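Starting from the given sequences, assemble the full structure and let the hints guide the process.
Top to bottom, those sequences are chains A and B. Residue numbers for the first sequence follow the numbering used here, so the first one is 1 and each next one is one higher. Residue numbers for the second sequence follow the numbering used here, so the first one is 1 and each next one is one higher.
EDC-like cross-link-like pairs, simulated, lysine to aspartate or glutamate; straight-line CA separation at most 16 Å:
| id | chain 1 | residue 1 | chain 2 | residue 2 |
| --- | --- | --- | --- | --- |
| 1 | B | K97 | A | E59 |
| 2 | A | K14 | A | E87 |
| 3 | A | K41 | B | D39 |
| 4 | B | K1 | A | E59 |
| 5 | A | K55 | A | D65 |
| 6 | B | K68 | B | E56 |
| 7 | B | K97 | A | E104 |
In case anyone wonders, no lab produced these hints; they're calculated from the structure. These numbers come from a predicted model, not from an experiment.
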Amino acid sequence: GAVVSQHPSWVICKSGTSVKIECRSLDFQATTMFWYRQFPKQSLMLMATSNEGSKATYEQGVEKDKFLINHASLTLSTLTVTSAHPEDSSFYICSASFLELSNEQFFGPGTRLTVL
Amino acid sequence: KQEVTQIPAALSVPEGENLVLNCSFTDSAIYNLQWFRQDPGKGLTSLLLIQSSQREQTSGRLNASLDKSSGRSTLYIAASQPGDSATYLCAPDSSYKLIFGSGTRLLVRP
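This is the structure we're talking about:
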């Protein structure tokens with residue numbers, strides 16, 4: 001149980017375009033979903049936290065107008081990178097948690113974004 | 001602000017050795033602490049979760065301990081195998097946010 005999927009697993013896009021990444025909890029209803037970013041040879045950095053039906057809470061230094069997060073249901077959250085630039089190239093990982101499991105976070109497999 | 005340090009940054013050992021990976025954190029007000037492994041280019045695999053009220057958790061050859069008051073956690077790997085080669089990350093949960101250390105890159109040589 002507690003499986004989280006992400007789609008796509010990798011994406012290459014041109015500079016200036018927008019990219020949407022989906023995160024789904026497959027066998028549970030997630031109270032909260034999280035989005036992380038990982039640059040090469042660095043650790044994961046939390047970008048934002050989202051609860052179903054409410055606005056996401058962004059970490060300091062993360063542009064909310066550039067990284068749009070929609071948490072439309074208890075099983076789906078999306079991250080849209082708007083007007084992507086090469087410096088946005090990174091590994092984006094989502095996680096999901098629910099209160100019944102003591103807020104343990106379950107992670108998706110990640111999405112590799114390359115902006116040309 | 002929570003800061004997490006993992007020592008050593010890298011470790012190379014022959015197969016069969018018992019290993020200790022260390023994690024320290026500055027804010028002891030945590031709900032739990034998770035240990036993960038990450039293979040190159042992949043997502044995270046959860047290994048162990050220790051609640052703040054617990055002292056240790058065990059899963060197979062893995063044992064994690066937590067000393068919340070001193071801000072330390074240790075991951076012990078018994079009888080290491082080449083398949084254990086990966087980066088190991090610790091992440092204390094502060095205010096329902098996981099703060100990750102920079103990891104320990106482990107290589108187990110056959």
